[in-house]
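Chains A and B, in that order, give the protein sequences.
With full-length UniProt numbering applied, the first sequence corresponds to residues 1 to 76, in that order.
With full-length UniProt numbering applied, the second sequence corresponds to residues 1 to 76, in that order.
Because the hints were derived from the structure by calculation, they are not lab data.
Computed from a predicted model, the values in this text were never measured in an experiment.
Every residue, glycine too, gets a C-beta built ideally from N, C-alpha and C.
Incorrect hints may have been included.
As the list claims (entries may be wrong) - Have a look at the derived ranges for each label pair, beta carbon to beta carbon:
#1 61(A) / 69(B): 15 to 23 Å
#2 28(B) / 50(A): 23 to 31 Å
#3 39(B) / 52(A): 12 to 20 Å
#4 3(A) / 33(B): 14 to 22 Å
#5 22(B) / 37(A): 34 to 42 Å
#6 5(B) / 37(A): 18 to 26 Å
#7 61(A) / 61(B): 19 to 27 Å
#8 3(A) / 24(B): 28 to 36 Å
#9 50(A) / 1(B): 12 to 20 Å
#10 24(B) / 1(A): 27 to 35 Å
Unchecked claim - Below, a sample of chain A positions facing chain B; criterion: calculated Cβ distance under 8 Å:
#11 1
#12 8
#13 50
#14 54
#15 56
#16 67
#17 71
#18 72
Protein chains: 2
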Amino acid sequence: MNLDDQEFLRLLGSRIREVREKKGWTQAELAEKCQLHRTFIGSVERGERNLSLLNLRLIARNLRISLSTLFSSGPI
Amino acid sequence: MNLDDQEFLRLLGSRIREVREKKGWTQAELAEKCQLHRTFIGSVERGERNLSLLNLRLIARNLRISLSTLFSSGPI
Numbered sequence: 001m002n003l004d005d006q007e008f009l010r011l012l013g014s015r016i017r018e019v020r021e022k023k024g025w026t027q028a029e030l031a032e033k034c035q036l037h038r039t040f041i042g043s044v045e046r047g048e049r050n051l052s053l054l055n056l057r058l059i060a061r062n063l064r065i066s067l068s069t070l071f072s073s074g075p076i
Numbered sequence: 001m002n003l004d005d006q007e008f009l010r011l012l013g014s015r016i017r018e019v020r021e022k023k024g025w026t027q028a029e030l031a032e033k034c035q036l037h038r039t040f041i042g043s044v045e046r047g048e049r050n051l052s053l054l055n056l057r058l059i060a061r062n063l064r065i066s067l068s069t070l071f072s073s074g075p076i
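Kindly generate the complete structure, drawing on both the sequences and the hints.
Pasting the structure below:
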């Protein structure tokens, strides 16, 4: 994984965190909604995980945000 | 993988194919640009692969399309 990829995952993770925090949810609450482990959500938000597309879709759907919006540079 | 996920991957694959064909590239040409195997590209386009986020990013970047546009329902 090159630095550019790491930065991409880091930015995506911080956008996911931003959306989660706007909803007032903890990582554990988001994890439970997704049926994923809390530590998995934590690693995604820190940009440490090259997650699969379907797991990303699962997280986005539970956060009620489209993948298109999640990947845009616009406001959340 | 449920039916809804399969349909999601199938639609995404067909959008990737659409962009590739608009460029007049073969699967082999796209694969070479991405340093991925041709059969991998084929399986992605058929919606048979829950690919990683970084592999999707790699494909999108070589196709010169943003992930936001790829996931939007709008024209390519």
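Status of each hint after checking the structure:
1. 61(A) / 69(B): 15 to 23 Å: Since residue 61(A) and residue 69(B) have Cβ atoms about 20 Å apart, the given range 15 to 23 Å holds.
2. 28(B) / 50(A): 23 to 31 Å: At roughly 25 Å between Cβ atoms, residue 50(A) and residue 28(B) fall inside 23 to 31 Å, so the hint holds.
3. 39(B) / 52(A): 12 to 20 Å: holds, 19 Å
4. 3(A) / 33(B): 14 to 22 Å: The hint (14 to 22 Å, Cβ to Cβ) holds, given that residue 3(A) and residue 33(B) are roughly 21 Å apart.
5. 22(B) / 37(A): 34 to 42 Å: This hint holds: roughly 40 Å between Cβ atoms.
6. 5(B) / 37(A): 18 to 26 Å: The hinted range 18 to 26 Å holds for residue 5(B) and residue 37(A), with Cβ atoms some 19 Å apart.
7. 61(A) / 61(B): 19 to 27 Å: Since residue 61(A) and residue 61(B) have Cβ atoms about 25 Å apart, the given range 19 to 27 Å holds.
8. 3(A) / 24(B): 28 to 36 Å: The hinted range 28 to 36 Å holds for residue 3(A) and residue 24(B), with Cβ atoms some 32 Å apart.
9. 50(A) / 1(B): 12 to 20 Å: holds, 19 Å
10. 24(B) / 1(A): 27 to 35 Å: Holds - the Cβ-Cβ distance for residue 24(B) and residue 1(A), about 31 Å, lies within 27 to 35 Å.
11. 1: Given a least distance of 7 Å, the restraint on residue 1(A) holds.
12. 8: At about 6 Å, which falls below the 8 Å cut-off, the nearest Cβ of chain B leaves the hint on residue 8(A) intact, so it holds.
13. 50: holds, 5 Å
14. 54: Status holds, d = 5 Å.
15. 56: Holds. Min distance 6 Å.
16. 67: The hint holds - residue 67(A) has a Cβ within 8 Å of chain B, the shortest such distance being about 4 Å.
17. 71: It holds, given that the least Cβ distance between residue 71(A) and chain B is near 4 Å, below 8 Å.
18. 72: Status holds, d = 4 Å.
In this structure, every one of the numbered hints holds.
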